Amino acid sequence: MCANFRPIKPNQAKLLNLPEPMNLVFSDDLYPLSDSPLIFAGKERIEWRSVKFGLIPKWAKDMKIGRMTYNARTETVHEKPSFRNAWYRSQFALIPVQTIYEPKYVNGKAQRWGIYRDDGLPFMVAAIYENILLNGQQVRSMSMLTINAEEHSLMSHFHKPEDEKRSIIVIPNELRDEWLHCNFEDAPQFFKLMNPKEFTSSHMPR
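The letter at position 192 of the sequence shown is residue 192 when you use the numbering used here, and the numbering goes up by one with no holes.
Please keep in mind that the hints were generated in silico from the structure rather than gathered at the bench.
Small disclaimer: the values here were computed from a predicted structure and weren't measured.
There may be inaccurate statements among the hints.
Under the rule of at most 30 Å between Cα atoms (straight-line distance), these lysine-lysine pairs were calculated in the DSSO-like manner [to be verified]:
hint, residue 1, residue 2
1, K104, K61
2, K165, K192
3, K192, K104
4, K197, K160
5, K192, K58
6, K43, K104
7, K104, K58
8, K43, K165
9, K9, K43
10, K80, K58
11, K192, K43
12, K160, K80
13, K9, K192
14, K80, K64
15, K80, K61
16, K9, K197
17, K14, K197
18, K197, K165
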């Protein structure tokens, strides 16, 4: 599960062959309910939006639920009340990321570790998004999709030893358009673990 990440800077968009977002500024350290950059398929071209990290479903009365809906398990996303509307409407998006952070337990104590590309380039994380009216105001939000990572040589080292190991889904640049335009029935073909040869990690205390 990922509850903390560092998004890309606007001027890094060119590294992903994306247009630079205009008038969007984000913190370097994002947590649930932080404002986050998001990329999705517009009517004519890829668009940037500022959204809340933590999906806010249409039936929510406030945004508090976003503190629990920042990750969506691919095994159950289709049936969970918080996510199934976005899932069945194929509301797929990408989060441009520099680093994600996970706890690694060393001698029984949690340490904050960063996971990032070995070449230092940014990458894109698979997400679902929602767009609602809440108390008369438009609220856009998203959740990272996650998959089991028990056998992954990198991602299996994080979280408590007794907890299930989970991982984000990295969408390669060459599959970006296919992911953004796919139907929910075809989405599982993208649910693959990141290539461990392309990613590394290191201790990054706050």
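Hints versus structure:
no. : hint        : verdict
1   : K104 - K61  : 35 Å, violated
2   : K165 - K192 : 14 Å, holds
3   : K192 - K104 : 22 Å, holds
4   : K197 - K160 : 24 Å, holds
5   : K192 - K58  : 29 Å, holds
6   : K43 - K104  : 42 Å, violated
7   : K104 - K58  : 35 Å, violated
8   : K43 - K165  : 37 Å, violated
9   : K9 - K43    : 25 Å, holds
10  : K80 - K58   : 13 Å, holds
11  : K192 - K43  : 27 Å, holds
12  : K160 - K80  : 25 Å, holds
13  : K9 - K192   : 26 Å, holds
14  : K80 - K64   : 17 Å, holds
15  : K80 - K61   : 17 Å, holds
16  : K9 - K197   : 25 Å, holds
17  : K14 - K197  : 23 Å, holds
18  : K197 - K165 : 19 Å, holds
Consistency note: the structure conflicts with the earlier hints numbered 1, 6, 7 and 8.
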